[in-house]
Amino acid sequence: MDYYKHIKKRILISVIVAGVAPLLIITGILLFNFQKSYERRLWSHLELLIKMHSEYIDSFLIKRVSDMRILTRIFTFAELAYQPSLEDKLFFMQSIYGTFYVDLGVVDERGIQVSYAGPYRLKEANYSDAPWFQKAINRDTYVSDVFLGLRNYPHFIVAVRDDWFGKKWVLKATIDFMAFSKLVENIRVGSTGTAFIVNKKGEFQTAVYGEIEKDIPTITDIINNSKCPNSTCVRSVYNSVNGRKKILVGYPLKDREWLLVFTQEYSDAFSEFNSMVGFTLITVFATLVGVIFIGLFLSQKIEKRLQTVDKEKEMLTQQIVESGKLASIGELAAGIAHEINNPVAIMVEEAGWLEDLLEEEDFKDSKNLDEFKRSIKQIKIQGKRCKDITHKLLSFARKTDPAMKELDINIILKELVSLSTQRAKYGNVRILERYGENLPKILGSESELQQVFLNIINNAIDAMEKKGGELDIETGTEGNWVFAKFKDTGHGIPKANLSRIFDPFFTTKPVGKGTGLGLSICFGIVKKLGGEIRVESIVDVGTTFTVLLPKANGNGLAQGR
Numbered sequence: 001m002d003y004y005k006h007i008k009k010r011i012l013i014s015v016i017v018a019g020v021a022p023l024l025i026i027t028g029i030l031l032f033n034f035q036k037s038y039e040r041r042l043w044s045h046l047e048l049l050i051k052m053h054s055e056y057i058d059s060f061l062i063k064r065v066s067d068m069r070i071l072t073r074i075f076t077f078a079e080l081a082y083q084p085s086l087e088d089k090l091f092f093m094q095s096i097y098g099t100f101y102v103d104l105g106v107v108d109e110r111g112i113q114v115s116y117a118g119p120y121r122l123k124e125a126n127y128s129d130a131p132w133f134q135k136a137i138n139r140d141t142y143v144s145d146v147f148l149g150l151r152n153y154p155h156f157i158v159a160v161r162d163d164w165f166g167k168k169w170v171l172k173a174t175i176d177f178m179a180f181s182k183l184v185e186n187i188r189v190g191s192t193g194t195a196f197i198v199n200k201k202g203e204f205q206t207a208v209y210g211e212i213e214k215d216i217p218t219i220t221d222i223i224n225n226s227k228c229p230n231s232t233c234v235r236s237v238y239n240s241v242n243g244r245k246k247i248l249v250g251y252p253l254k255d256r257e258w259l260l261v262f263t264q265e266y267s268d269a270f271s272e273f274n275s276m277v278g279f280t281l282i283t284v285f286a287t288l289v290g291v292i293f294i295g296l297f298l299s300q301k302i303e304k305r306l307q308t309v310d311k312e313k314e315m316l317t318q319q320i321v322e323s324g325k326l327a328s329i330g331e332l333a334a335g336i337a338h339e340i341n342n343p344v345a346i347m348v349e350e351a352g353w354l355e356d357l358l359e360e361e362d363f364k365d366s367k368n369l370d371e372f373k374r375s376i377k378q379i380k381i382q383g384k385r386c387k388d389i390t391h392k393l394l395s396f397a398r399k400t401d402p403a404m405k406e407l408d409i410n411i412i413l414k415e416l417v418s419l420s421t422q423r424a425k426y427g428n429v430r431i432l433e434r435y436g437e438n439l440p441k442i443l444g445s446e447s448e449l450q451q452v453f454l455n456i457i458n459n460a461i462d463a464m465e466k467k468g469g470e471l472d473i474e475t476g477t478e479g480n481w482v483f484a485k486f487k488d489t490g491h492g493i494p495k496a497n498l499s500r501i502f503d504p505f506f507t508t509k510p511v512g513k514g515t516g517l518g519l520s521i522c523f524g525i526v527k528k529l530g531g532e533i534r535v536e537s538i539v540d541v542g543t544t545f546t547v548l549l550p551k552a553n554g555n556g557l558a559q560g561r
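Take the sequence shown: its position 191, counting from 1, is numbered 191 in my numbering, and each next residue is one higher.
By construction, these hints were calculated from the structure, which means they are not laboratory data. Don't take each hint at face value.
Here are the computed distance ranges between Cβ atoms for each label pair [unchecked claim]: (1) Glu-478 with Pro-343: 45 to 51 angstroms; (2) Tyr-426 with Arg-305: 40 to 46 angstroms; (3) Thr-27 with Thr-99: 53 to 59 angstroms; (4) Lys-36 with Thr-308: 49 to 55 angstroms; (5) Phe-32 with Leu-288: 18 to 24 angstroms.
Heads up, the beta-carbon is just placed ideally off N, CA and C, and yes, glycines get one too.
Please take these sequences and the hints and turn them into a complete structure.
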């Protein structure tokens, strides 16, 4: 049992390894390639998204600068410095653009706001020291960073410079911080994706929420250490302050003074990929379970088959041993028959001599002369019978001669019936012989055909030995066949077993009485000779075996069907 368990274990391991190893390798390669492809698609998508929004925001800023420039081209310094006129301009622009414009202001070259339209009291405010004014007075156009300023509220300024009789002046507009932030807040991807704008110092130019503000040192380092190409400025993966892995994509704004930044948690960005990986792993696991079950099934089946083969091998070995014993018994029987034949021959000769002596004068007047003659005659008859029996036994016990030759099927059967007659009498079986006349010869091995016919006769006698019965042996022709039919009145063969009776080692006899090789060997012999064995059986009625052999054509060959 340990041997079979070891074989079963090795087969199971081999099946699992053969099924699992390629699956895991292929799955790993596919997942790796898919991950790389998914990453490329993800980065490309986010880069395109941020680029489109950055271009939109840049366009927004350019339009606001253009609005200011149109006012300075249409209206003079004096007209815009007149507060009611400036208020009209603010009202007009707010009616078009909504709350983006908070106020308008005209600042002279000294930094004094000479006119103001808006919600704050900022007329005559001094911006001479304000960083934005120092840059705006020296440029044609300027967009500042977000700062608190005099109003102490986040905002940024869009300004244009113009000349009035050789003196510089600036028209500025304050852009609402929250309204501008909404342009960026619209960039949403997934559940954690968010966007914001920072300047080169890492200062937020739009509103931010949550933990982004805590990540600004890390984000600033990423921005400062990146070398902005002509397209996307930043693409990176970093760990936030709370330990979460995030992706970052940035694109430059406002002549690269600002950067539109998008961040998203790594798990959120790769959620579809992770779902696919999860589904793949579940599928692989289910496949592994299936492979294991298949391995168990195959290993158990192979184990059982090996046990069956080994059992058949053992039975075949026993059969070979039994065959050896039978061969030895056959040789012994031949020797005994030969030894018996010699004294029987002498006895017959002596009986003949006694018969001759009785003819002499001295014995003619004996009152027991008739009894002597009867006894001597009986001795000669029984001696001849013994001689015939030993000759038949010697003929059957000779070594198998597989040589093919033309044979008379009737002669073979008559010899076998004479050998089986005594056994049939003991089993209360009556053998009926109906031999066809002038049958064609058949081509075959005499010893092999003896084995076939004797096996069928013995099986028929075995089937009737308990209750007795009749065995009808008939020969004849059927087309190109010569047939021998054996019909008994035994217990019959169940229909379920009819298709198996020619299988090796199949037997319905009690243990120790049959090996299950007889009919299998007979079937092989008849097939080799080009013939057929047919069987018909009805339970409790009887069985009929018909052996069909091809006629010999007279040239040492068998005719076709």
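**OP:** Go ahead and decide if the range 49 to 55 angstroms is satisfied by the Cβ distance of Lys-36 to Thr-308.
**Re:** holds, 52 angstroms
Original post:
Does the Cβ distance between Phe-32 and Leu-288 fall inside 18 to 24 angstroms?
Top reply: holds, 19 angstroms
Subject >> C-beta pair Glu-478, Pro-343: status relative to the range 45 to 51 angstroms that was hinted >> reply: holds, 47 angstroms
Original post:
Measuring from beta carbon to beta carbon, are Tyr-426 and Arg-305 in 40 to 46 angstroms?
Top reply: holds, 42 angstroms
**OP:** For the range 53 to 59 angstroms, tell me whether the beta carbons of Thr-27 and Thr-99 fit it or not.
**Re:** Holds - the Cβ-Cβ distance for Thr-27 and Thr-99, about 55 angstroms, lies within 53 to 59 angstroms.
Checked against the numbered hints above, the structure violates none of them.
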